[in-house]
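Number of protein chains: 2
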Amino acid sequence: MYAIGERINGMFRAVAAAIKEQNPEPIQGLAREQLKAGAQALDVNVGPAAAEPLAAMEWLVKAIREVTDAPLAIDTTKPEVMRRGLELSGPGAIINSAKGQQEQLDVYVPMAIEYEASLIALTIDENGIPRDANGRSEIALRAVAAAMEKGLPTDRLMIDAVILPVNVTQPTPGHVLEAIRSVKLLSDPPPKTVLGLSNVSQGTTQRELINRTYLVMALAAGMDAAIVDVLDTELMDAMITAELLMNRAVYADDFLKAYRASAAG
Amino acid sequence: MYAIGERINGMFRAVAAAIKEQNPEPIQGLAREQLKAGAQALDVNVGPAAAEPLAAMEWLVKAIREVTDAPLAIDTTKPEVMRRGLELSGPGAIINSAKGQQEQLDVYVPMAIEYEASLIALTIDENGIPRDANGRSEIALRAVAAAMEKGLPTDRLMIDAVILPVNVTQPTPGHVLEAIRSVKLLSDPPPKTVLGLSNVSQGTTQRELINRTYLVMALAAGMDAAIVDVLDTELMDAMITAELLMNRAVYADDFLKAYRASAAG
Chain A
0 MYAIGERING
10 MFRAVAAAIK
20 EQNPEPIQGL
30 AREQLKAGAQ
40 ALDVNVGPAA
50 AEPLAAMEWL
60 VKAIREVTDA
70 PLAIDTTKPE
80 VMRRGLELSG
90 PGAIINSAKG
100 QQEQLDVYVP
110 MAIEYEASLI
120 ALTIDENGIP
130 RDANGRSEIA
140 LRAVAAAMEK
150 GLPTDRLMID
160 AVILPVNVTQ
170 PTPGHVLEAI
180 RSVKLLSDPP
190 PKTVLGLSNV
200 SQGTTQRELI
210 NRTYLVMALA
220 AGMDAAIVDV
230 LDTELMDAMI
240 TAELLMNRAV
250 YADDFLKAYR
260 ASAAG
Chain B
0 MYAIGERING
10 MFRAVAAAIK
20 EQNPEPIQGL
30 AREQLKAGAQ
40 ALDVNVGPAA
50 AEPLAAMEWL
60 VKAIREVTDA
70 PLAIDTTKPE
80 VMRRGLELSG
90 PGAIINSAKG
100 QQEQLDVYVP
110 MAIEYEASLI
120 ALTIDENGIP
130 RDANGRSEIA
140 LRAVAAAMEK
150 GLPTDRLMID
160 AVILPVNVTQ
170 PTPGHVLEAI
180 RSVKLLSDPP
190 PKTVLGLSNV
200 SQGTTQRELI
210 NRTYLVMALA
220 AGMDAAIVDV
230 LDTELMDAMI
240 TAELLMNRAV
250 YADDFLKAYR
260 ASAAG
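Quick note, the sequences are listed as chains A and B, same order.
What the first sequence shows, in numbering that gives the first Met the number 0, is residues 0 to 264, in sequence order.
What the second sequence shows, in numbering that gives the first Met the number 0, is residues 0 to 264, in sequence order.
No lab work stands behind these hints, which were simulated from the structure alone.
Glycine included, each C-beta is placed from N, C-alpha and C at the ideal position.
Treat the hints with care, as some may be off.
As the list claims (entries may be wrong) - On the chain B side, residues computed to face chain A include the following (Cβ under 7 Å):
(1) Leu53
(2) Ala54
(3) Gln169
(4) Pro172
(5) Leu244
(6) Tyr250
Unchecked claim - Below, in silico cross-link-like pairs of lysine to any residue (SDA-like), each with a Cα-Cα straight-line distance of 20 Å or less:
(7) B:Lys35 with B:Asp231
(8) B:Lys256 with A:Thr204
(9) B:Lys256 with A:Arg206
(10) B:Lys61 with B:Gly89
(11) A:Lys256 with B:Gln169
(12) B:Lys77 with B:Met10
(13) B:Lys256 with A:Asn166
(14) A:Lys98 with A:Met147
(15) B:Lys183 with A:Glu177
(16) B:Lys256 with A:Gln205
(17) A:Lys19 with A:Pro47
(18) B:Lys256 with A:Gly202
(19) A:Lys256 with B:Arg206
(20) A:Lys256 with B:Met10
(21) A:Lys77 with A:Glu115
(22) A:Lys19 with A:Ala69
Could you put the whole structure together from the sequences, leaning on the hints where they help?
This is the structure:
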């Protein structure tokens, strides 16, 4: 699984403080720690409270780029902040994210092509979040069609079928699994699938248990990538073990250590 | 998930000793503990070393029946031991198990009807364990056909797609998941699906982690039942959480406690 580390997000107090004080060390520490724990890309989100989101994104990306060339997932709803983040990140970045309505796809698909980025497309559109798996697949198909039409390789499209908290809507986790399976049939090469995992446990009392259980379920359904807390050791153990059981990694008695050694090296 | 407790098995030293000494207390303790931990049925296996398997099975079932009426899964390869175990267990028992070749189905399907039992049919036949999911489904179809022909309701048939240790054959866990999904399409009502879970981790260094990760994957694929170590708390936490995420149990903040309270009561 392609693990995108979720921790550089202004929603977390330490990150918000670092941005405000322009103190790069906590940010650079989080970048290094997450990569060492197995992140293959880093999500970068200035948070809801940033007074100047454009300046904050510029500062964050530059601070991270001083310590790593890892791909960054630029996480913003503002097109001008996205553009600047992609510019500073360089090729191989991830647009996180576009909604599935045509106007947004018309903005972000060309932006993904221009900056050699991948594009996360949410299965949300002007009508909101679909109630079932079919509704999710229909929006995904629209995103695939937009990618094909404009010339973005379909495997640079990452469909996020939008998981919601299990305590808010219990049928959704099942619908999302079904959507992950069916999205794979939409094109050749198929789009990638991705989830913002932690949302499934928002507001519950067993966040880590719910996160790692659902991650394993989504991996069994064929999910390719997820935005996760890579610093959660039990979550990563579950992920590494699920990959092994899906025959995506070779068994060795020390498979957990082997994964981490390879991530750290 | 229908949890069948695996611990009353002569393979475990304490159980073998209790059988040998005709000491019912350890057996009755295991019966009570497993039911309290969430088992809905108890597997009963005299173990490979029992000198007189028929007498051992009689003694075991009688000892268990002194403390509980819970369904028993009579786990033996010997038809005469099976018959006696079913007789003493009473209606609602589980035959564990028949292989998928016609001669065995011809013996055990009528036995399931006679004793009002369910029947676990392994996807193994005279040619051994199939190499892929299709081979497993073909044998399952043979078992479904035998059930239909002889009049065993197809939902009293439990297909066990035979998991093997992940360190021996890494493609098998994926094949078994695929078989679990496809077996559901064989009849209406569909057969149930079941696994002897612990086999997936045999000989590995991370048995509990592998067991609970694969259990969650199998549940996401639609598995109905499993023979598991219900005394493994983390395994049961994973199972309870997966059921919640599959919308088979209602969310409450104390969903783990709620499950256990209901099991204990």
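Cross-check of the supplied hints:
With 7 Å as the threshold, the beta carbon of Leu53 of chain B stays out of range of chain A, its nearest partner Cβ sitting at about 38 Å, so the hint is violated. Annotation: interface hint on Ala54 of chain B violated; nearest CB of chain A at approximately 40 Å, more than 7 Å. At its closest, the beta carbon of Gln169 of chain B sits 5 Å from a beta carbon of chain A; the interface hint therefore holds under the 7 Å criterion. The beta carbon of Pro172 of chain B comes within 4 Å of a beta carbon in chain A, closer than 7 Å, and the hint placing it at the interface holds.
For Leu244 of chain B, the interface hint holds, since its Cβ comes within 7 Å of a Cβ in chain A; the closest pair sits about 4 Å apart. The criterion of a C-beta within 7 Å of any C-beta in chain A is met by Tyr250 of chain B, whose closest approach is roughly 5 Å, and the hint holds. Distance hint between Lys35 of chain B and Asp231 of chain B is fulfilled; the C-alpha atoms sit about 12 Å from each other, no more than 20 Å. Proximity of Lys256 of chain B to Thr204 of chain A is assessed by CA-CA distance (about 12 Å); at most 20 Å being required, the pair is judged to hold.
Between Lys256 of chain B and Arg206 of chain A, the direct Cα distance comes to roughly 15 Å. Compliance with the 20 Å bound is thereby established for this hinted pair. Note on Lys61 of chain B and Gly89 of chain B: the hinted pairing holds, with a Cα-Cα distance of about 11 Å set against a maximum of 20 Å. Taking the CA atoms of Lys256 of chain A and Gln169 of chain B, the gap is about 19 Å. The hint holds against a cut of 20 Å. Taking the CA atoms of Lys77 of chain B and Met10 of chain B, the gap is near 17 Å; set against the 20 Å cutoff, the hint holds.
Proximity of Lys256 of chain B to Asn166 of chain A is assessed by CA-CA distance (about 16 Å); at most 20 Å being required, the pair is judged to hold. Taken as a hint, the Lys98 of chain A and Met147 of chain A pair is honoured in the structure, with Cα atoms around 17 Å apart against an allowance of 20 Å. Only pairs whose Cα atoms come within 20 Å are accepted, and Lys183 of chain B paired with Glu177 of chain A is accepted, the gap being roughly 16 Å. Simply put, Lys256 of chain B and Gln205 of chain A have alpha-carbon atoms about 12 Å apart, close enough for the 20 Å limit, and the pair holds.
Our distance criterion of 20 Å between C-alpha atoms is met by Lys19 of chain A and Pro47 of chain A, whose separation comes to about 13 Å. Taking the CA atoms of Lys256 of chain B and Gly202 of chain A, the gap is about 18 Å. The hint holds against a cut of 20 Å. Taking the CA atoms of Lys256 of chain A and Arg206 of chain B, the gap is near 15 Å; set against the 20 Å cutoff, the hint holds. For the hint linking Lys256 of chain A to Met10 of chain B, the alpha-carbon distance of about 31 Å lies beyond 20 Å, and the restraint is violated.
In summary, the hint linking Lys77 of chain A to Glu115 of chain A is supported, as the alpha carbons are separated by about 19 Å, within the 20 Å threshold. Among the hinted pairs, Lys19 of chain A with Ala69 of chain A is inconsistent with the structure: their alpha-carbon atoms are about 24 Å apart, more than 20 Å.
Comparing the model with each earlier hint shows violations of hints 1, 2, 20 and 22; every other hint is respected.
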